[in-house]
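Please work from the sequences and hints to get the whole structure.
Residue numbers (my numbering), protein chains in the order written: chain X, 1 to 690; chain R, 691 to 955.
No lab work stands behind these hints: they were computed from the structure.
Accuracy of the hints is not assured; some may be wrong.
[To be verified] Derived DEER-like restraints, expressed as beta-carbon distance ranges:
| hint | chain 1 | residue 1 | chain 2 | residue 2 | range |
| --- | --- | --- | --- | --- | --- |
| 1 | X | LYS629 | R | THR800 | 42 to 52 Å |
| 2 | X | ARG476 | R | LYS876 | 55 to 65 Å |
| 3 | X | ARG476 | R | TRP787 | 49 to 59 Å |
| 4 | X | ASN615 | R | GLU816 | 45 to 55 Å |
| 5 | R | LYS937 | X | ASN615 | 44 to 54 Å |
| 6 | X | PRO475 | R | LYS937 | 33 to 43 Å |
[Unchecked claim] Residues of chain X clear of chain R, computed beta-carbon distances all greater than 12 Å:
| hint | residue |
| --- | --- |
| 7 | CYS176 |
| 8 | ARG332 |
| 9 | GLN474 |
| 10 | ASP583 |
| 11 | PRO606 |
| 12 | ARG607 |
| 13 | VAL625 |
| 14 | GLN650 |
| 15 | TYR653 |
If you're wondering where the values come from, they're calculated on a predicted model, not measured in any experiment.
Ideal Cβ positions, reconstructed from N, Cα and C, are used throughout, including at glycine.
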Amino acid sequence: MTSAPRGAARGTSQRDLEEDADELVHLYGLEDDDELGDEFADETMPRIEVSEYPAAEQRDWRLSGEAAEAEDLGFGGWGSEGQCQDLREAYRYAHGRASEEYECYVIPEEEDEEEAPDVFCATCKLPLRALEKVLEEHKGHEVTPLSKALESAKDEIHKNMCRLEKQIIEMENFACHLEEVFITVEENFGRQEQNFESHYNEILETLAQKYEEKILALGEKKKEKLEALYGQLVSCGENLDTCKELMETVEEICHEEKVDFIKDAVAMADRLRKFLETKTDVELAAQPALEDQTLDFSDVEQLLGSINTIPAPSAPVINPQAPSSATGSSVRVCWSLFSDDTVESYQLSYRPVRDGSPGTDHTESTVTVKETYCSVANLEPNTQYEFRVTAQNRAGLSPASERAVYMTAPSPPVIKSKEVRSCEEAALIRWESGNLNPVDSYTVELTQAEAPGAAGVTESVVGVPTCEALVQLQPRQSYAIYVRALNVGGPSARSEPATVHTTGSYFRLDEQTCHPWLAISEDGLTAVRSERKAPTREPPPRSTRFSRCVAVMGNLIPVRGRHYWEVEVDERSDYTVGVASEDVPKQEDLGANRLSWCMRHTWAAPRHKYEFLHNKTTPDIRITVPPKKIGILLDYENSTLSFFNVDISQHLYTFSCQLPQFVHPCLSLEKPGRLKIHNGIPVPKHVALY
Amino acid sequence: MALKQISSNKCFGGLQKVFEHDSVELNCKMKFAIYLPPKAETGKCPALYWLSGLTCTEQNFISKSGYHQAASEHGLVVIAPDTSPRGCNIKGEDESWDFGTGAGFYVDATEHPWKTNYRMYSYVTEELPQLINANFPVDPQRMSIFGHSMGGHGALICALKNPGKYKSVSAFAPICNPVLCPWGKKAFSGYLGTDQSKWKAYDATHLVKSFPGSQLDILIDQGKDDQFLSDGQLLPDNFIAACAEKKTPVVFRLQELLLHRYLYY
Numbered sequence: 001m002t003s004a005p006r007g008a009a010r011g012t013s014q015r016d017l018e019e020d021a022d023e024l025v026h027l028y029g030l031e032d033d034d035e036l037g038d039e040f041a042d043e044t045m046p047r048i049e050v051s052e053y054p055a056a057e058q059r060d061w062r063l064s065g066e067a068a069e070a071e072d073l074g075f076g077g078w079g080s081e082g083q084c085q086d087l088r089e090a091y092r093y094a095h096g097r098a099s100e101e102y103e104c105y106v107i108p109e110e111e112d113e114e115e116a117p118d119v120f121c122a123t124c125k126l127p128l129r130a131l132e133k134v135l136e137e138h139k140g141h142e143v144t145p146l147s148k149a150l151e152s153a154k155d156e157i158h159k160n161m162c163r164l165e166k167q168i169i170e171m172e173n174f175a176c177h178l179e180e181v182f183i184t185v186e187e188n189f190g191r192q193e194q195n196f197e198s199h200y201n202e203i204l205e206t207l208a209q210k211y212e213e214k215i216l217a218l219g220e221k222k223k224e225k226l227e228a229l230y231g232q233l234v235s236c237g238e239n240l241d242t243c244k245e246l247m248e249t250v251e252e253i254c255h256e257e258k259v260d261f262i263k264d265a266v267a268m269a270d271r272l273r274k275f276l277e278t279k280t281d282v283e284l285a286a287q288p289a290l291e292d293q294t295l296d297f298s299d300v301e302q303l304l305g306s307i308n309t310i311p312a313p314s315a316p317v318i319n320p321q322a323p324s325s326a327t328g329s330s331v332r333v334c335w336s337l338f339s340d341d342t343v344e345s346y347q348l349s350y351r352p353v354r355d356g357s358p359g360t361d362h363t364e365s366t367v368t369v370k371e372t373y374c375s376v377a378n379l380e381p382n383t384q385y386e387f388r389v390t391a392q393n394r395a396g397l398s399p400a401s402e403r404a405v406y407m408t409a410p411s412p413p414v415i416k417s418k419e420v421r422s423c424e425e426a427a428l429i430r431w432e433s434g435n436l437n438p439v440d441s442y443t444v445e446l447t448q449a450e451a452p453g454a455a456g457v458t459e460s461v462v463g464v465p466t467c468e469a470l471v472q473l474q475p476r477q478s479y480a481i482y483v484r485a486l487n488v489g490g491p492s493a494r495s496e497p498a499t500v501h502t503t504g505s506y507f508r509l510d511e512q513t514c515h516p517w518l519a520i521s522e523d524g525l526t527a528v529r530s531e532r533k534a535p536t537r538e539p540p541p542r543s544t545r546f547s548r549c550v551a552v553m554g555n556l557i558p559v560r561g562r563h564y565w566e567v568e569v570d571e572r573s574d575y576t577v578g579v580a581s582e583d584v585p586k587q588e589d590l591g592a593n594r595l596s597w598c599m600r601h602t603w604a605a606p607r608h609k610y611e612f613l614h615n616k617t618t619p620d621i622r623i624t625v626p627p628k629k630i631g632i633l634l635d636y637e638n639s640t641l642s643f644f645n646v647d648i649s650q651h652l653y654t655f656s657c658q659l660p661q662f663v664h665p666c667l668s669l670e671k672p673g674r675l676k677i678h679n680g681i682p683v684p685k686h687v688a689l690y
Numbered sequence: 691m692a693l694k695q696i697s698s699n700k701c702f703g704g705l706q707k708v709f710e711h712d713s714v715e716l717n718c719k720m721k722f723a724i725y726l727p728p729k730a731e732t733g734k735c736p737a738l739y740w741l742s743g744l745t746c747t748e749q750n751f752i753s754k755s756g757y758h759q760a761a762s763e764h765g766l767v768v769i770a771p772d773t774s775p776r777g778c779n780i781k782g783e784d785e786s787w788d789f790g791t792g793a794g795f796y797v798d799a800t801e802h803p804w805k806t807n808y809r810m811y812s813y814v815t816e817e818l819p820q821l822i823n824a825n826f827p828v829d830p831q832r833m834s835i836f837g838h839s840m841g842g843h844g845a846l847i848c849a850l851k852n853p854g855k856y857k858s859v860s861a862f863a864p865i866c867n868p869v870l871c872p873w874g875k876k877a878f879s880g881y882l883g884t885d886q887s888k889w890k891a892y893d894a895t896h897l898v899k900s901f902p903g904s905q906l907d908i909l910i911d912q913g914k915d916d917q918f919l920s921d922g923q924l925l926p927d928n929f930i931a932a933c934a935e936k937k938t939p940v941v942f943r944l945q946e947l948l949l950h951r952y953l954y955y
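Here it is in structure tokens:
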């Protein structure tokens, strides 16, 4: 970069300016002129002298511009952010100015319509044209094609959306729970308030009562005493009156004549004597002093005391069941207490939820625990249980919590291993639920069994609604496949595994379709027609069984790929092998309709006759070496069905057959004999050509 | 040996060429057609030799059969030689359509005046493959042969006389038992003389009886309404019977409504 100093000499600061200018250019992506042109409204900045504008020298120009500004603004160093900010402003200013005045100014990243950005610089997080990648600014940066960047940005967004959705659900659940807690707290504290109020009122009432009683009692006592005293006073008065009267009488007597005096005196003396003999009660009837009257406040004390004693606790709140916290025989119940009550233990009661009216015999069980959770075991799988919990302390039991329903996880399903069908790319698994009541869904898990017991990657297919699943697999591997049942309580334990080898197509002969005169082996691969005409047991005729043709069909996995299998035949027997669609008319011969294609061999010594039958027609074909093992290749993609002599790798015949529906292997024995199927064979090279 | 390219046409992504060369076996200039599929540009391809029938040249197959698409798709080099030496100026060579020019019968003649030039057997089994292997991207280990009518006969005998040389042999309406049919009798007596034991060496039905039976895949297609079949010229049943006895694997397909014509291809 040439450095043509303009204006006053700047010495070493020039270098700094250049570097910083570059940095700022970089930092603020200021190469794009469009961005800046708009910002530039008024022109109040000083004129800058510029002479040429080829791209190479633009930096110089900028440099001079900002340097000029810097000078004007009196900046020496570049430390503070404020300075940088101002500098940026100044810089922008200058740049914009240039573009306005000089249209030939070359801007490296001007966006032409023809040249839209097609790559993405991950380091600068900018879309660019591919050319720009070469520029210094982006050298060494990670650049990806724009479409890829778009895709990964879309992926990010999608992922984040999913997370948002999840969060929404979580928050909603939490909000519900909070509401419940809110209500409980209101209730609990309301109770406390009431409790206290009534306690307190009781105390007040008792005190008021005591007051009344006491006052009354005092009043009564006073009255009593006063009355007693008054009585005494009255009798005193009477006594006095009598005394006075006697005194007056005696005085009168003394003033009487001797004879009258003696008469009266004796009588008087009698009276006096009698009177004075009567005791004068000069004891006070009532003591003036109050007796000791300690008020009995013990009951009030008790009441006051009980205000402070610990009340019985408030009702706890049972939590809703945490997802996947249950097993097939246990659940983990949790609850919380939303008050400051002291609790010594909790009592958890539960019983199974049954359909039908309440009042049926529910056996309720109770467990006492100290914690706020409990794992309840020995439960039935896939069953709902109703729980409620009470808190307990010295004062008594709390009211019971609301009832919460928890569900145990289901029992593991049972895979029907005899019905497993597979091919190179997929497997069809069927299973039994393992539970009496319905479950929510099933999960199918696959691991590649590289070595027994080795922990490989497990692939899961979730949300399977019915008891069957078609899973995609890689060719030439061995898999262990498990199934779990799922309900609100969580997943069941794994089922027993089914092993699948994706070396070729595997299928079995279906006994349901088998003509009564054919016997199918245990492994579903051999069909035998014995000499005896009538079978030992004649099962009832069914629409699924072949009735005329002594045939049986296999169950091939419904996958539109290539399927290959071999049938071992007896050269001397009359047999037919091929494929047929599921709804082939079972009362017709194989090959006699449009729904079946097969090869038929008839042995009429010494000639072997071969026919390739479909819709009752066959080409005229002669085969010189009778096959002992027939290879059959069913190719859905190419719509062909080919037959081979396996032992000599000879192609015999190929049908071109439109196969809109799925077909299954079929075979029949026109005379007593035996046909054995060989499965799971990879398509041989010579066959693969067809 | 110098090859002179006579023509070259693009076809289904490959090239259909015709070359001319001086044949050592046949002592004359011979033409052959060769189709090079797109795959031949990058690697060696299997070679398939087509032998035409009576009256044909190297042109019949490449013009009328429409085989190019299949050859292109499957990456096969297809070589179609002429059916006899030409321009040899032998007296009587153009007298009949089923003997002489255009009717080489793929034998090495022993009788005068034919023995100098009429050595189609050696040409097809030795000279031509060597020429092709040296000049074109073919895999010498993967060679097969097929033909129609007289060419079918030629394909069968070449395969049966050279166990292991050809991976497969197919024939359309071949002359299977020339020793017993009018065409064969006429041709063999002309080229090989009256000693019938020499004839058997070029008769598929006889050859199969002594064929050592290594892996050979034989496919024969025969039109049911072929008049030469009913005329007893082709005699496939004899061949089949011999193969069945010898346990040589053959698949023989009798096709409805098909005649003897070139359109059969």
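Hint check results:
At roughly 46 Å, the beta-carbon separation of LYS629 (chain X) and THR800 (chain R) lies within the given 42 to 52 Å, and the hint holds. For ARG476 (chain X) paired with LYS876 (chain R), a C-beta distance near 59 Å keeps the hint of 55 to 65 Å intact. For ARG476 (chain X) paired with TRP787 (chain R), a C-beta distance near 58 Å keeps the hint of 49 to 59 Å intact. Evaluation of the 45 to 55 Å hint for ASN615 (chain X) and GLU816 (chain R) yields a pass: the beta carbon distance comes to about 48 Å.
Against the hinted window of 44 to 54 Å, the Cβ-Cβ separation of LYS937 (chain R) and ASN615 (chain X) comes to about 33 Å, which falls outside the hint. In this structure, PRO475 (chain X) and LYS937 (chain R) meet the distance hint of 33 to 43 Å, their C-beta atoms being roughly 36 Å apart. Distance check on CYS176 (chain X): its Cβ is at least 66 Å (rounded) from any Cβ of chain R, clearing the 12 Å threshold; non-interface status holds. With a least beta-carbon separation of about 65 Å from chain R, ARG332 (chain X) lies farther than 12 Å from that chain, consistent with its non-interface assignment.
Every C-beta of chain R lies more than 12 Å from that of GLN474 (chain X), the closest at about 28 Å, which supports listing it as non-interface. At the 12 Å boundary, the C-beta of ASP583 (chain X) stays outside the reach of chain R, the nearest C-beta of that chain being 30 Å off. Consistency note on PRO606 (chain X): stated as away from chain R, yet its beta-carbon is not over 12 Å from all of that chain's, at 9 Å minimum. ARG607 (chain X), annotated as away from the interface, has a beta carbon of chain R within 12 Å; the closest lies near 9 Å.
Interface exclusion of VAL625 (chain X) from chain R breaks down, the closest Cβ pair being 4 Å apart, not more than 12 Å. For GLN650 (chain X), the requirement that its beta carbon stay farther than 12 Å from each beta carbon of chain R is not met, with the minimum near 5 Å. Not every CB of chain R lies more than 12 Å from the CB of TYR653 (chain X), the least distance being 7 Å, so the non-interface label is violated.
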